[in-house]
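A.B. asks: Quick mapping for you: the protein sequence lines, in order, are chains A and B. Under numbering that gives the first Met the number 0, the first sequence has 359 at position 360, and the numbering climbs by one with no breaks. Under numbering that gives the first Met the number 0, the second sequence has 153 at position 154, and the numbering climbs by one with no breaks.
For the record, the hints were derived by calculation from the structure and aren't laboratory data. Just to be clear, a hint being listed does not mean it is correct.
Unchecked claim - Below 27 Å or equal to it, Euclidean Cα-Cα: the simulated BS3-like pairs (lysine-lysine) are:
#, chain 1, residue 1, chain 2, residue 2
1, B, Lys12, B, Lys37
2, B, Lys223, A, Lys264
3, A, Lys122, A, Lys148
4, B, Lys11, B, Lys37
5, A, Lys198, B, Lys326
6, A, Lys123, A, Lys148
7, A, Lys108, A, Lys167
8, A, Lys101, A, Lys148
9, B, Lys234, B, Lys277
10, A, Lys202, B, Lys326
11, B, Lys277, B, Lys326
12, B, Lys223, A, Lys429
Note that this is a predicted model, so its numbers are computed, not measured.
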Amino acid sequence: MSDAVASPATAAKPRRQLDRAVVRFAGDSGDGMQVTGEQFATEAAWAGADLVTLPNFPAEIRAPAGTLFGVSSYQLQFGSRRVYTPGDRLDCLVAMNPAALKVHQRDLKDGGLLIVNTAAFEKKNLDRAGYTSNPLDDPALEDRYRLHKVDITRLTMDALESVPLNVKEKERCKNFFSLGLVSWIYTRPIEPTVAWITKRFAKNPAFVEANTRALKAGYHYGETAEIFTECYGIEPAEMPPGLYRSITGNRALAWGILAAAERTKLTVVYGAYPITPASDVLHEISLHKRFGVRAIQAEDEIAAVGTIIGAAFGGAIGVCASSGPGIALKAEGVNLAVMAELPIVIFDVQRAGPSTGLPTKTEQADLLMALHGRNSESPVVVLAPMTPGDCFFVAYEAIRIAVKYMVPVIVLSDGYLASGAEPWLIPDLKTLPDIPVSFRTNPEGFAPYVRDEATLARPWVRPGTAGLEHRIGGLEKENITGNVSYDADNHDLMVRLRAEKVRRVAQEIPPTTVNGPAAGDLLVVGWGSTYGTITAAVEEVQQSGKAVASVHLRHLNPLPPDLGQILRQYERILVPEINSGQLVRILRAEYLVDAVGFNRVRGLPLSTEELREAIEQLLKDKR
Amino acid sequence: MSVTEAPKKYTKKDFESDQDVRWCPGCGDYAILSAIQKMMPDLGIPRENIVFISGIGCSSRFPYYMNTYGFHTIHGRAPAIATGLRLARPDLKVFVVTGDGDGLSIGGNHLLHVLRRNVNVTILLFNNRIYGLTKGQYSPTSELGKVTKSSPAGSADRPVSPCAFALGAGATFVARTVDRNVAYMEETLRRAAQHHGAAFVEILQNCNVYNDLAWNVLYDRETKIMNELRLEHGKPLLFGPVDDRHGLVLEGATPRVVRVKDAPERALWVHDDGNTWKAHVLSQLCTPDFPIPIGILMQVEAPAYEEVLLEQERAAIAERGPGDVAKLLVSGDTWRIG
């Protein structure tokens, strides 16, 4: 948080201008922290701030109350300049119970604002959080942070005295009290939240009344309570003009599919098996039956990919989303699509760890699986969105490439992009590239594996076309005729053709954007959801005059044709990833460059601060 | 299917592809292929609207030999692939060809779900009680104690009855037929192909290389008489020699074999192929205590999965019009900058 000049406050209390702030709401999974955070993000966005969010919740649906593993949190960074990440260290932490304090305190900056709900700091909750004494009684806490002990529960109950609800129902409104309070502290407008509450509880006027009152009570408490001596203003960010909305990565993926279905006028079959953190794509698709996208909840991951291969054989677009464990199960199906040269798109919303791992945490460790995790030579196109909103464009692009080249495409999203939200400039659909689809109907000179000269794609034939009846399958095909072939030279040829077809997708890739000087001391190369962290860290270092640049890859297979040339313009290459070094391995192998990795595999986004230090260290190290 | 003019009158030859058939000489699959090719013209469906989808195994080579659209897929997954195809293209007639290993071992899950969903596909399961393409290991329908390459001391696996499995999964059409009775097989396959919803046919098939005469009780003239129970809707369940007919009676839920001459005619079990409860009992009958039922065990009507989904789609469009992505993008909370 960098302090700006104090502005003449219109409020009774002085208002200090900031250019950014990082706020985290933390509480029990039943405390409504996700809703609170989402609403605060909406308020911040309405006031024109740029922002990035980081929801973080336990894998357990109803974790026992008060426990450390049951803590749910929602973090966001908002600011008047471009915001790339949800922030590393917190300027403000709201802890609704002792467990939340225990889990999150270490992320709060020294001198940061700490708001605690004192009512929750009683024996039972302290025991569950493993405190032997009440941490609020420890003077060290007050020395280190600007601690505000607020009896949020009692203040909420008092505000709702006349509302016809029972004690438990009233108590559940306390998250809106905290939201109101933080809204006042950061001068965010509460109108969007009032509107949201009114709509959300339309069927129950008492809940509308209660939550609205709690929200306003919190806001007014900030205004009047003497413990709060100042509030903070953040000017609107300079963002491209236009109509904005908030969007999460999973919703953007789903909408990208709908956009492609609308543009191609083709049926899309979406086959999926529920899995965290990809299920929301299935939920979103299932809501939109009017858009020509037919969703199947398949019996398992293998069937899910099977259904979309069947759909693609039928002349529809086959799409599915899953996460690592599910993608592993789909390998055989993907290879059938490789062999049969059918267009399918698979989203891998990556999560952390092998096996079940950490289902609700993020990671980028499926890159090598996407590229190579199938039997034999199995080339597929691999793309990766950089931000939640980018998921829309990458989903659309994946479908475009799949049908143009008759090839499977894997898109690597992750848990962070999936549930993270950002203000999104709503695109004009007319600006999206066209997705030309032509089905072969002419029997003259037809064979299942004759190829387009430019793309090497084989013809897409809809069953039902007279005169083009043909048989395909997973056995090796003779080029052109598509007949089963065990011929050694033909197999060698087909292996090369399948690879070449994917390589030719490179002609679709626009010139790589270099963020920073076109040559210099260090190039930072990333892919996927680390875009924000890398950009923020690189821009910080650039401000100190260093010749550092970054590129962020959306195409991972094939790689951009100009990448090799760009890599050679820098002394050193650093590849930050949330894995133990996967892209770095590929860059070293493909380009014979001495790239080094920056790797943290903690189930969380990379820390901007740590990355900046790593960049600075690398610049200091003489070769 | 929207056919405006009368479909071309096909002959068996129209359904023969140009590929050499590569099954072992003497394989039961030849008879099945021939019966299906002979039956196809009766369906009155344009050839281009027919798709055969198979998994892996000897039976799954089937699509290559049919001059229709065909997809030889991966082991056990044909039902899932067929489900996706039907949802994308409800105008197509889809057949699934599978075997006892493909359908009941590696693909058991998919077979279960295609049947319970009642996807409108015709499923032909060739049951030769052995893995043929991998050269002779026991299959999920091999008898307990079966000696094979992978079970030299006898298989410890108890076999599954494909028809009982299908009924348990909620199939709406279940039949059994034998490769050596081509005329009867043709008739059963036609009825299956004409069923609305998932039709399941177990075809008892001979693998003359790895499990020759596995169904000999139904082939051998002598034993066949006492072991084959022809199911005919509305007729008593009878078998045995002409001069000593045997029948079945149900005592509570327990079936029992009786000599017709010893039983009052009213007591005999009359086959009702609309009775799902009795079909479960029929599916459990096997030698040596009972004859093997051949024919249609059960056929009932139920909505097909993809039709229910498509009806939901039609209803949503009827109510609110076709989707408009531009409108969707600006739905909910938006704000303007600049």
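A.B. asks: Take the hints in turn and mark each one as holding or not.
C.D. replies: Hint-by-hint comparison with the structure:
With a C-alpha separation of about 8 Å, the suggested pairing of Lys12 (chain B) with Lys37 (chain B) holds against the 27 Å cut-off. With a C-alpha separation of about 57 Å, the suggested pairing of Lys223 (chain B) with Lys264 (chain A) is violated against the 27 Å cut-off. Restraint check: the Cα-Cα separation between Lys122 (chain A) and Lys148 (chain A) comes to about 17 Å, which is no more than 27 Å; the hinted pair holds. Of the supplied pair hints, the one linking Lys11 (chain B) and Lys37 (chain B) holds, its CA atoms being roughly 5 Å apart against a limit of 27 Å.
A distance of roughly 20 Å separates the Cα atoms of Lys198 (chain A) and Lys326 (chain B); the hinted pair therefore holds under the 27 Å criterion. With a CA separation close to 19 Å, the supplied pair Lys123 (chain A) and Lys148 (chain A) stays within the 27 Å bound. A hinted pair counts as satisfied when its Cα atoms are at most 27 Å apart, and Lys108 (chain A) with Lys167 (chain A) does not qualify at roughly 34 Å. Proximity of Lys101 (chain A) to Lys148 (chain A) is assessed by CA-CA distance (about 15 Å); at most 27 Å being required, the pair is judged to hold.
Of the supplied pair hints, the one linking Lys234 (chain B) and Lys277 (chain B) holds, its CA atoms being roughly 14 Å apart against a limit of 27 Å. As the CA atoms of Lys202 (chain A) and Lys326 (chain B) are separated by approximately 26 Å, the hinted pair is consistent with the 27 Å bound. The suggested pairing of Lys277 (chain B) with Lys326 (chain B) is violated, with an alpha-carbon distance near 54 Å, which exceeds 27 Å. About 71 Å separates the Cα atoms of Lys223 (chain B) and Lys429 (chain A), which puts this hinted pair outside 27 Å; it is violated.
Hints 2, 7, 11, 12 from the earlier list are contradicted by this structure; the remaining hints agree with it.
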